[in-house]
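**Q** Residue numbers (full-length UniProt numbering), protein chains in the order written: chain X, 1 to 449; chain R, 1 to 314; chain A, 1 to 312.
To be clear, the hints were calculated from the coordinates, so they are not data collected in a lab.
A couple of the hints might just be wrong.
As the list claims (entries may be wrong) - Distance condition first, Cα-Cα at most 16 Å in a straight line; then the derived EDC-like pairs of lysine to aspartate or glutamate:
id, chain 1, residue 1, chain 2, residue 2
1, X, Lys234, X, Glu442
2, R, Lys37, A, Asp115
3, X, Lys67, R, Asp96
4, X, Lys382, X, Glu369
5, X, Lys426, X, Glu247
6, X, Lys67, X, Asp44
7, X, Lys300, X, Glu172
8, X, Lys438, A, Asp82
9, X, Lys300, X, Glu376
10, X, Lys430, X, Glu175
11, X, Lys67, R, Asp97
12, X, Lys300, X, Glu369
Said to hold, decoys possible - Every beta carbon over 10 Å from chain A, so not counted as near; a handful from chain X, in silico:
id, residue
13, Glu75
14, Gln251
15, Asp266
16, Ser431
If you're wondering where the values come from, they're calculated on a predicted model, not measured in any experiment.
Note that beta-carbon positions come from the ideal geometry of N, C-alpha and C, so glycine has one too.
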Amino acid sequence: MKSKISPAVLRGSALALAAALALTACGGGGNDAGGAAPAEVSADDVQAALDKGGDLTVWAWEPTLEKVVEDFEAEHPNVNIDLVNAGTGNDQYTALQNAIAAGSGVPDVAQVEYYALPQFALAESVQDLSGYGAGDLQDTFSPGPWSSVQANEGIYGLPMDSGPMALFYNTEVFEKYGVEVPTTWEEYVEAARTLHEADPNVYIANDTGDAGFATSLIWQAGGQPYTVDGTDVKVNFSDEGSTRFAETWQQLLDEDLLAPISSWSDEWYQGLGTGTIATLATGAWMPGNFTSGVPAAAGKWRAAPLPQWEEGGTASAENGGSSLTIPAASEQGALAYAFLDYANVGDGVQTRIDGGAFPATSAALESEEFLNSEFEYFGGQKANEIFAESAQNVSEGWSYLPFQVYANSIFNDTVGQAYVSDTPLKDGLKSWQDASIKYGTEQGFTVSE
Amino acid sequence: MSVAVEPTRTDKHRTRQRTKPGYVRMKSTRRGVDNPKRSVLLTVLTGIVLIYSLIPLVWLFINASKTQADLFTSFGLWFSGDFALFGNIGDTLAYDDGIFGRWFLNTVLYVVLGAGGATFLAVLGGYALAKFSFPGKKAVFAVVIGAVAVPGTALAVPTFLMFSEMGLTNTPWSVIIPSLISPFGLYLMWTFASEAIPTELLESARMDGAGEFRTFFQICLPLLGPGIVTVLLFTMVATWNNYFLPLIMLKDPAWYPLTLGLNAWNAQASTAGGEAIFNLVITGSLLTILPLIAAFLLLQRYWQSGLSAGAVKE
Amino acid sequence: MTTASPPPAVLGTQPKPAKRAQKRPQKRSWSGWLFIGPFMAVFALVFLAPIAYSIFLSFFRNQLVGGNGFVGLANYSQALQDPQFWSSLLRVTLFLAVQVPVMLLIALLVALALDSGRLYGKSFFRISIFLPYAVPAVVASLMWGFMYGTRFGLVGNINSALGISLPNPLSPELILASIGNIVTWEFIGYNMLIFYSALRVIPKSLYEAAEIDGASQFRLVTAIKLPAIRGALVVAGIFSVIGSFQLFNEPAILQSLAPNSISTFFTPNLYAYSLSFSGQQYNYSATVAIIMGVITMVIAYAVQLRGMRKES
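Can you build the whole structure from these sequences, using the hints too?
**A** Next up, the structure:
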């Protein structure tokens, strides 16, 4: 991660050399993480910045922000916001890191997913928001997302949305074959067998190996493969939670009970529409995608609590979700924070819920209006009750690696091999662990098993 | 130098050209077998390659005529449900306040300046390689080829940082400037110019005291016509289909070329709350390649004669 | 910058200038730079400077923790011992050995068929087979990716229509062949056109002589046509070497459909990309790119030398 290159240094040198310096000389800030005290910016400062107005550049791909930006500008005519979709996920992070390395073109606000945030926090590419008073927001957000924005004893973003997990299932398929909706993962495997036996075209789910999904299930199972303390990192997939996930999923793989279709492909949308993919365990942000991407199956799908590892349990986990951050290079911190506050704590929250997003604030999650809203797509089901319940039950103690973006990128090189060969999932996790340790060590972390 | 002698020269040259193998002979009278017996078998065999080439394009066309719902439920290689092509085209052009039109205009801008500029530089450079002896000449092409052998993906970040320093990132220039280099175009013009421009012609022009640029623009350029069209077509295709570098350089969708815009639409299906618009991606893809196909068809006469003289080596 | 389109490089055919220069020695002067200068200036900016910069970078190592430091040749020795790098190189070499000959052979046969004048609807064939070249690699990969789907794609349609079970084109065993198919599809027409154009300008006199001898069509091809277009064959060969070694767009786009078949080190170019863009290992990525550049150059020159030697 690149950080902190003084623009003056760049301007002073000849072109190529200057650029060379930018890339090679700017990594030094990495291990200062947690060292610098966060800037103190009071609420008055933020208000003053708002009154004064100015221009903000916001990088985000979240579609509901468009309306939020409009409303914000209407309320604060002095502020002019340029909302830019600089790519989705990793594309945007690459762009952000490039801009930071180049020392120009860095936005004032950037959307960063929870799994990627520790990486930006470690390098202090994004600001610690404690100094803005973000520490007081502890009770504002639900526990999962709130813990996700913390790193190195700082608060590096405000949660924008969350993805407490639930099981989405196609009632038509389950009714047709007389299968009960599974409440445990054991029952889930059983259901997978029954469905696939009844119709070889029907699969309980699709899975070609997805790092986010696997880590979320391990999270739900109480696993803690990653332990992070500053630059001391532990990676170990032999704990109980990880083992449970591996053993259960191994059965599904061994018996070819998972459709080898990658999520988000057109084939996947087809499968969800035609009933050949019978369930989908994912974050609560999914309904919007169902409505727009799978209109053919409207009324057939329902939501249910995520199957449990223990009978009668209630544990859940987060899948996906992102925060809004303020890059360190922004010179408009106070104004940017005003926008963050509006979008993620203030009126923007409701605007985004109306647009189909799933909130991260407790108030929204507990409001009657939210809980009672009926999803036409799910046959009038009050699905938010299930999601809100899930949000309250997210297992504690999970953390991502400070280099999770890289780790996730090699998931399919390692764990993914279990999906297409005889490699056991357990071995796949072990090689993922080894590769992550190798990378972490190369990057200067103290990594152990 | 006198204007009066020029036409004669050109005439002289034309005569020469006609007698020289390799140019005008495209519709030649070569072979006694001028009208060989057509073969059904050979046509059928070549037809296999033809079908192979066209099937994906047919697929694209058929699927551009489907609604999103039909797209997911019907056989890929035949029409189904309503013929929604025109509806899809309308939707594609209207989506997100008509951003597709903006992307189209951006692409046109990049092609006009990028491919046009690349052709211009290649013509000048190829002419120099073909008709001049200058210090460092041998090194020029070796350096060009050597540089091209380095994978561009790894150069993207260094290039980005340099351009950023010059304040060019996220502007059209960051796409146009790298497009200005076409090593293949340089090669084609080199071979073409050494064939098409008789050295004697240059020598007599120089003896008349014409300046180098005047000689080039007034005498040589007209002779290079077919070669220029060919290079223009290749650089057009390269610029029109340019993807990776704009991806790195541009942040603002308002400056996207079509390829990047289509990719963004495709990626939209994979984000929370994003709208899946596969039918627009497919229709947009079709609309993206249509202008190039039209250009191929319109210019194929020139472009083929130009390529002949360029690619061939005896 | 060309990563997708065929690397526009042809060193094979340094054409007549050399020979002609011998016959008619040109006066050496700097005036040639008036014309090549603009090209070289832009070239230096967009190619040479980033390459020089990459070479510079390859001597450093930058860590997330601990910052940046000069490491000499450590990145190079690491790359040369990196099994992932070698496996990617091996894969593109295999690709080169199989896909390129198949593609060039088909292109050559079509060009010969067109040139024979024995086809019905010749110009329709010519333009149609060339059309795929107009399709951006991004779009081509998306299209083929869809057709490869065994559940709902074209392969799936065929399976259910005929009640058969075709192997999955996106499986680890077949993925390289499937990518080869896409690349072949994209570039058959392009190579065909290069060959065809070369065939069209073979001097008439050669055919007439052969006709008098009563040579068969086959003999005409082997004795006259093929030797006459050797230059074009070398050109196309060199293109394809560089293209294969820089294979990137097709696997990168199919990766989302077949994540387990296409690793982050599937091709050297993809490896350099992943190192740089997922791992922030810019220095190591630059090292890999430079090694690949050197290897590509060596092989391209070897192809050229071989082509030239045969010729003389």
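**Q** So which of those numbered hints doesn't the model satisfy?
**A** Violated hints (numbers, rising): 6, 10, 12 and 15; every other hint is consistent with the structure.
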